[in-house]
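**Student:** Listed below are the residues making up each chain.
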Amino acid sequence: VTTGRRRALVGALALPLLAAPGAVAAQSPCARGDATSDVPRRWPAPLDRLIELHARDVELRDALARVQAAARLRLSYSGDLLPLGRRVCLWRERVSVGDALAELLAGTDVRPVVAGADAVVLAPGARAAGDAALPGMARGLGTLDRVVVTGSPAGASERALPVAISVIDGGALAAAGTSTLAGALDQAAPGIWLWAQSPSNLAARYGSIRGASSFGVSYPKIYIDGIEVANPLLFTRFTPEIVERIEVIRGPQGAALYGADAISGVVNVVTRHDGGAGPPRGLLRTSAGLSHSEFAERGVLAQEHSLFVRAGARGRSAGLAATVGTLGPFVPRAASEQLALSGNARAVGARAIVSGTARLVVDRAGAPTSPLLADLAQVPAGAPPGGALATADVVSAGRLASMRPRGGGTGGPYRAPGLEAALALPDTGPAQSLRQYTLGGTATFTPDARWTHVVVAGIDGYRLDGAAAGASIASAVDSALRAARGGADRGTVRVSSVARFGTVGARAGTLTLGAEHARARDATETPAAGHGGAYGANAFARSATWWSTTGAVAQASVAWRDALFVTGGLRVERTAGALDAQVATLPMLGASWVRAHGDVSLKLRGAYGKGIRPPQTVTRGATWSHRVPLAARAHLEPESQSGVEVGADVSVGRALTLHLTRFDQRASGLIQPVTTVRDGFAGGGRLGYELQNVGAIDNRGWELQGVARAGALAVTGSLALVDSRVARLASGYRGDLRPGDRMLEVPARTMSLAATWTSARWSTTWGAARASDWINYDGLALGAALAGGTAAPRDFVGAQLRTYWREYAGVTRVRGALAYRVRAGTSLVLSAENLLDRQRGEPDNVTVLPGRTVLAGLRADF
Amino acid sequence: VRRGAATDDDVSWLRGRLVYRDAPLAHVRADLRRWYGLELVLADSALAARHLTASFAGEPPDEVLRVIGLALGAAIERRGDTAVVRPRRPPAPAR
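Sequence order for the protein chains is A and B. Here this note's numbering is used: the first residue of the first sequence is 37, the next is one more, and so on. Here this note's numbering is used: the first residue of the second sequence is 185, the next is one more, and so on.
Keep in mind that the hints were calculated from the coordinates and are not lab data. Treat each hint with caution, since some may be false.
What follows is a list of derived Cβ distance ranges for each label pair [claimed, not checked]:
1) B:A214 - A:L337: 44 to 50 Å
2) A:T848 - B:A210: 50 to 56 Å
3) B:A233 - A:T848: 53 to 59 Å
4) A:T862 - B:S239: 22 to 28 Å
5) A:D616 - B:H211: 56 to 62 Å
The structure displayed is predicted, hence computed values, not measured ones. Note that the Cβ used here is the ideal one computed from N, Cα and C, for glycine as well.
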């Protein structure tokens with residue numbers, strides 16, 4: 037502290053000397069620099085670079101150019117704010133860039149501000165209260181100045197947002213070779229945990245989004261360029277090169293803007309719409325390698341090839357991207373292939389910007405079963421399916437949806453996978469097929485400096501055939517995927533207008549008004565009459581149902597001195613369709629306060645929000661609809677989650693950023709399938725269900741995220757502690773959960789750490805993500821009990837299932853990527869997934885993932 | 185000469201490089217429109233007369249806007265594809 041004060045004192049004394057450059061320069065051009073040479077100063081990189089500077093009696097303009105060249109920096113400034121014609125003198129054998137600039141700029145109110153690894157801005161008026169104490173410190177750019185589009189209707193500075201938001205940079209994803217949503221979110225969005233999945237598993241399996249918000253499946257609402265994805269569980273992979281960034285809100289606070297089904301947050305994938313002038317340019321990325329598997333004789337082939345082309349001229353730009361990838365059968369019948377095509381275009385006029393986006397993703401995969409269950413299912417060939425238990429629907433209070441001992445689930449005779457592998461039966465070809473598409477656009481009109489009007493219109497949909505049942509013991513996600521067979525389409529039109537008032541830095545305000553109408557066509561398969569509740573039955577009917585959502589949004593935010601921000605919003609939403617029309621009101625209220633002291637910024641924030649999930653959505657329907665006729669659900673209310681989050685964000689220039697958030701949320705009115713055993717059950721009868729809005733789950737926890745940068749090294753880390761517990765259950769509930777139980781499959785702790793190092797030729801990224809301490813079913817024990825053939829259905833119902841619960845200690849995933857630039861525009865790339873080669877253990881002990889996968893390849897511009 | 189090229193390569197091939205030497209802001213506006221599809225709206229006529237020296241090599245648009253805002257001593261608020269540029273502080277203190 038004493039040293040700091042001394043420095044401050046020296047700095048304060050030195051300032052008057054610096055403040056009269058003209059007079060001093062007139063007498064002795066270079067004396068001034070010598071006078072301050074012994075002032076000890078510490079500059080952040082790159083201002084700490086040492087240079088040799090010999091500038092005698094030159095214009096400031098030329099001196100700045102020399103500094104720029106000597107330090108290999110990019111300097112940005114406005115010439116109108118600097119005395120560029122002033123004669124200056126600076127003659128040093130060794131001087132830091134910061135000191136050189138401070139001397140050259142003495143007498144002005146312009147100071148150097150770090151804006152990047154090699155970028156410095158000469159910024160006017162950057163004086164802050166703490167500057168006098170730290171004369172040499174430059175203010176860096178923290179994440180508070182980052183602009184995000186999620187959480188505000190038309191994009192806003194993160195500084196004013198009252199909620200925690202994670203922004204995952206597309207460039208970083210491309211550098212790390214991350215192309216799965218699980219890889220992106222687990223590494224960079226604390227509080228969200230998405231279980232790793234193989235490409236042959238088509239549905240995302242969310243372990244936690246600040247805990248669980250459903251007794252079925254939890255999932256966020258997903259947008260691609262503002263267009264809602266029809267079934268968020270099916271969005272699992274992306275091409276990182278076409279992603280500008282992914283923005284994530286974890287809590288229900290986003291519902292006031294995004295409406296129904298944002299009960300567990302919002303994920304917004306923003307694609308790149310930039311384009312340069314000149315001839316079309318392209319990028320080719322190709323890589324191939326082997327994926328190790330203990331369930332295959334040798335490594336299986338993994339490959340991915342991508343081609344990107346962009347062009348632009350005079351306000352118009354367009355891009356195309358194509359990616360194809362395959363993974364061999366790491367377990368029998370697990371081979372998969374994916375083709376992704378996307379394109380976008382943008383036209384810019386004097387007052388309007390119109391952009392369009394399109395994507396088509398085709399997945400084809402086999403229908404593998406868990407090889408870990410193979411030993412348990414030594415059913416003699418030709419044995420009749422069934423036995424004591426043809427199909428058991430397990431009371432799905434937790435994440436287990438059904439078990440299918442002995443009987444096939446996807447049609448055709450059942451064969452024990454182990455037997456099939458031993459006989460080397462050929463694969464029967466892809467058994468699952470998924471096509472997804474998005475088509476839409478955004479038009480932004482800016483008639484004047486006050487108003488911005490935005491219109492978003494788009495349609496998203498999918499077609500799914502032959503979804504595999506996953507393991508023989510089906511999770512709720514397996515069930516959701518299977519019930520999503522068929523297809524769905526969702527069209528959305530959203531209009532918003534934003535008006536700005538006041539003056540930034542004094543009093544300012546924003547008013548947003550918006551309206552949205554969405555219409556969805558759900559053509560998922562529903563069981564034919566008489567087959568409700570029976571998974572083994574293949575008698576499915578496809579009949580389209582329609583529903584619509586209409587919402588109106590009003591949001592106001594007020595800013596005072598760019599330091600205190602208060603935001604309040606309300607969304608009124610009406611959902612109509614097969615169910616009775618329902619109207620919901622979704623409020624949001626939040627505030628944030630920002631204080632800057634020199635290089636250090638502190639932001640405190642807090643927000644309340646409420647989100648709802650209608651009883652019927654494409655994804656929701658997947659969980660229940662195949663069991664229960666729609667008529668029986670007419671009385672159901674939407675589920676909701678509400679709660680508060682408070683947090684603090686600290687940034688120290690670009691060197692360090694920390695985000696800490698505490699959340700306390702309750703999901704209530706949760707729909708539960710309350711089980712009833714019908715007469716004649718002992719003779720092999722079916723279970724019956726009645727859905728009720730009775731359950732409640734409390735979710736509390738902490739989220740911490742940090743980024744530290746030093747020179748070419750950047751380290752990011754995150755930690756989330758989540759306590760997700762059953763708060764209330766139906767009185768007639770007969771499932772396996774009890775009030776006070778931890779929700780199954782929700783890890784108590786998730787964490788990640790990643791480091792990126794970049795030099796002129798090399799760049800490398802290594803990351804690890806870990807989830808630990810969760811409770812889930814013991815799939816092997818369940819499988820053994822089911823295969824034994826001696827258990828009765830009631831052994832797998834209700835409290836009996838608790839005997840199959842077990843604790844899972846944890847799972848760690850390590851991945852890395854390395855790139856070496858051979859010459860300009862051409863790099864060799866190496867990437868590795870699942871370096872620890874753990875194929876089992878998440879989220880249960882029967883799921884099998886691809887082992888260590890190492891790809892080598894080339895990336896070339898043309 | 186760029187540093188950290190291996191990572192920057194991932195993005196810069198599309199974006200090329202923008203270099204300004206004492207360029208009128210109108211030129212910068214035109215480039216941002218063409219390059220990034222961003223419309224700069226200048227709330228103050230004094231800002232429109234400003235000149236800029238800068239070079240950008242593959243930064244995302246938000247980064248470019250922040251650099252411009254800092255160099256001009258202005259606040260830039262981005263609303264989707266529009267960026268409104270205002271003086272950082274009110275011209276005269278309120279009352």
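**Student:** If a hint holds in the structure, say so; if it doesn't, say that too.
**Tutor:** So, going through the hints one by one against the coordinates:
1. Judged by the Cβ atoms, the range 44 to 50 Å given for B:A214 and A:L337 holds: they are separated by roughly 49 Å.
2. Checked against the given bound of 50 to 56 Å, the beta carbons of A:T848 and B:A210, roughly 54 Å apart, stay inside it.
3. Our hint of 53 to 59 Å for B:A233 and A:T848 holds, since their Cβ atoms are close to 58 Å apart.
4. Under the hint 22 to 28 Å, the C-beta atoms of A:T862 and B:S239, about 24 Å apart, fit the expected range.
5. Judged by the Cβ atoms, the range 56 to 62 Å given for A:D616 and B:H211 holds: they are separated by roughly 59 Å.
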